[in-house]
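Asker: Assemble chain B onto chain A, guided by the hints.
Quick mapping for you: the protein sequence lines, in order, are chains A and B.
For the first sequence, our numbering gives the first residue as 1, with consecutive numbering after it.
For the second sequence, our numbering gives the first residue as 182, with consecutive numbering after it.
Hints listed in this document are in silico derivations from the structure and should not be mistaken for laboratory results.
Since we're looking at a predicted model, the values are computed, not measured.
Keeping only pairs whose Cα atoms sit at most 30 Å apart, straight-line, the calculated DSBU-like set for lysine-lysine is: (1) B/235 <-> B/491; (2) B/238 <-> A/123; (3) B/319 <-> B/266; (4) B/266 <-> B/448; (5) B/238 <-> B/491; (6) A/41 <-> B/235; (7) B/391 <-> B/319; (8) B/238 <-> A/41; (9) B/266 <-> B/391; (10) A/88 <-> A/166; (11) A/123 <-> B/235.
Pulled from the structure, derived: some chain B residues nowhere near chain A, Cβ distances all over 10 Å: (12) 183; (13) 186; (14) 380; (15) 389; (16) 535; (17) 577; (18) 613.
We treat Cβ as the ideally placed atom computed from N, Cα and C, and that holds for glycine.
Okay, here's what each chain looks like letter by letter:
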Amino acid sequence: MPSFIRGYVRFVDAVNYRIGRMAMYVIFVMVAVLFYSSITKAFFDPALWTFEFAQFLMVAYFMLGGPYSIQLGGHVRMDLLYGSWQPKTQNRWDAVTSIILIGYLMMLLYGSVDSAIYAVEYKERSYSIWRPYMWPIKFIMVLGIALMLLQAIAQFFKDLAAAIGKPIEGAVPDNLSEKGI
Amino acid sequence: MSYELIAFLMFSTMMLMLMTGQRVFGAIGFVGAIAALWLWGDGGSVMPFSAAIKLMKWYPLLTLPMFIYMGYIMSESRIADDLYKMFHVWMGPVHGGLAIGTIGLMVIISAMNGLSVAGMAIGATIALPELLRRGYDKVMVTGVIQAGSSLGILVPPSVVLVLYGMIARQPVGQLWLAGAIPGLLMAGLFVLYIAIRCRMQPNLGPPLSKDERRTITWSDRIRLLRAGILPLVIFFSMTGLFVMGVTSLVESSAVGATTATLAALIKGRLNRRVMEATLRKTLEVTCMFMWIILAALCFGAVFYGLGAVKAIEGFFIGDLGLGPWEILIMMQLSYIIMGMFLDDTAMLVIVAPLYIPLVGVLGFDLIWYGVLYTITCQIAYMTPPFGYNLFLMRAMAPPEITLGDIYRSIIPFVLVMTLGLALVMAFPQLALWLPEWHYGK
Chain A
1 MPSFIRGYVR FVDAVNYRIG RMAMYVIFVM VAVLFYSSIT KAFFDPALWT FEFAQFLMVA
61 YFMLGGPYSI QLGGHVRMDL LYGSWQPKTQ NRWDAVTSII LIGYLMMLLY GSVDSAIYAV
121 EYKERSYSIW RPYMWPIKFI MVLGIALMLL QAIAQFFKDL AAAIGKPIEG AVPDNLSEKG
181 I
Chain B
182 MSYELIAFLM FSTMMLMLMT GQRVFGAIGF VGAIAALWLW GDGGSVMPFS AAIKLMKWYP
242 LLTLPMFIYM GYIMSESRIA DDLYKMFHVW MGPVHGGLAI GTIGLMVIIS AMNGLSVAGM
302 AIGATIALPE LLRRGYDKVM VTGVIQAGSS LGILVPPSVV LVLYGMIARQ PVGQLWLAGA
362 IPGLLMAGLF VLYIAIRCRM QPNLGPPLSK DERRTITWSD RIRLLRAGIL PLVIFFSMTG
422 LFVMGVTSLV ESSAVGATTA TLAALIKGRL NRRVMEATLR KTLEVTCMFM WIILAALCFG
482 AVFYGLGAVK AIEGFFIGDL GLGPWEILIM MQLSYIIMGM FLDDTAMLVI VAPLYIPLVG
542 VLGFDLIWYG VLYTITCQIA YMTPPFGYNL FLMRAMAPPE ITLGDIYRSI IPFVLVMTLG
602 LALVMAFPQL ALWLPEWHYG K
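Just chain A, with the same shape it has in the complex:
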């Protein structure tokens, strides 16, 4: 693999790793917001913004955390045939079928950019009592999908490199094993 491809893979891996690690902690914010919501509902006037805000957090959580979850190998595959193949055969097939993953993400990205432009142009607001502007969350979605696409492409290069017998060495800092997990 040419050095710029190696560089690309390492760069994307490192960026997505850091963003994913940050996204991981968003769950605490979600718990806090919803917990606050139940307290206000039980004892004071119910807060109006909490549910919608929690929805936004949830979207940010799984979209920005998505690339990291790919790095962790967290996505199920149907392994009726796949599971019985040699690792090299798996890499080969993955390199070929990456095209469907990349294709799907590109269409998703197209839709998200379209929707984000609309949100900015028409100053779109949500139909709720809180009426937040929609562009911030749509920007986050565009970013998340774009990062997912970059990761899918990096994954394609990794599979390709492994399939031709010259794997790209792990770019993600492997601090997981040293913590004994």
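Answerer: Frame of chain A; chain B shown alone:
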């Protein structure tokens, strides 16, 4: 090209794509997106993303990360250890008692969590090694843990019923209550099966030896009962407050997550390692589910747009000319068969919107159908070659348990579950009595 042909093409392409072993969400999303583009051109090009907006608005799904988080906090911090010991001591003297106790443990974990992941993790790490060490038959105990943990989605709280509630527009509170009695019934049937089997073949599940029983004093037994307090607190703070109407659905799941964290903290089991493992696995599993649901929503929208609901109605009622009950049974059967080969969560999102209107047309109660649907899901999650429970079991089980053991282990339990399904079908009051009593319908 006729719509039926397009629909058939979509399903078979999805199947083919899944077979290549690409990540499930990519395969399903791609087929949905391409079909949308091909059918509706430019208007269809934004459909994959419209699904993301729809997903965002399904706010009850916020319970999903909460339950996943809770499950991992409970299994990683091992706060359920005492609970296992409690069942161990109390049920040990009976033939197959430890296996029966494991079912009891699973029921309690199911009452604290809405997914089967937690039960599976706790069962595979705490109960399974212990059962194997005691000379229990490995095929049977593997089945016990898979079947027991599958109760997680039937006994309230339940994420599958949350998803169903969103699709069928039914109140989640009633659905959860409807799942309670069938869940306990199912657990009872499992226990009955284990007890009978172990009485006939005592070598499958030897009771604790006399020497060992003598070492356990009554004060030990009473002391261990205290382990039962924690689940009661968690159950009350979550499902209890929700059913009483104090907190809303997603709020109660957050309260449950907080309670579980506090419980681990008070027991002194919360450390960096537990937190890191919990957070990372929560992100991993949540992302997996959310991306699959995102892709499946797009696929499902295309399917819906093709008029698949009318087509299915026409097929069952018109072409086959079946009565309501036959259709109902056909639907459950087709779901189980499709669930063997396709991704189960995606199936839920794609197939439920097609079947539920038909169930309404036939005049069945949608709360009751929710319970049938969940039991069918339980079976689909366990049946090879494709099932989450199978995946999880393979990842977590000790090496001496082979894939063949896992596949074989579920056969008797799937039969027992089918019996449970039939019972709930034949006696709808099993599901409907509790919600009717509580909500005074």
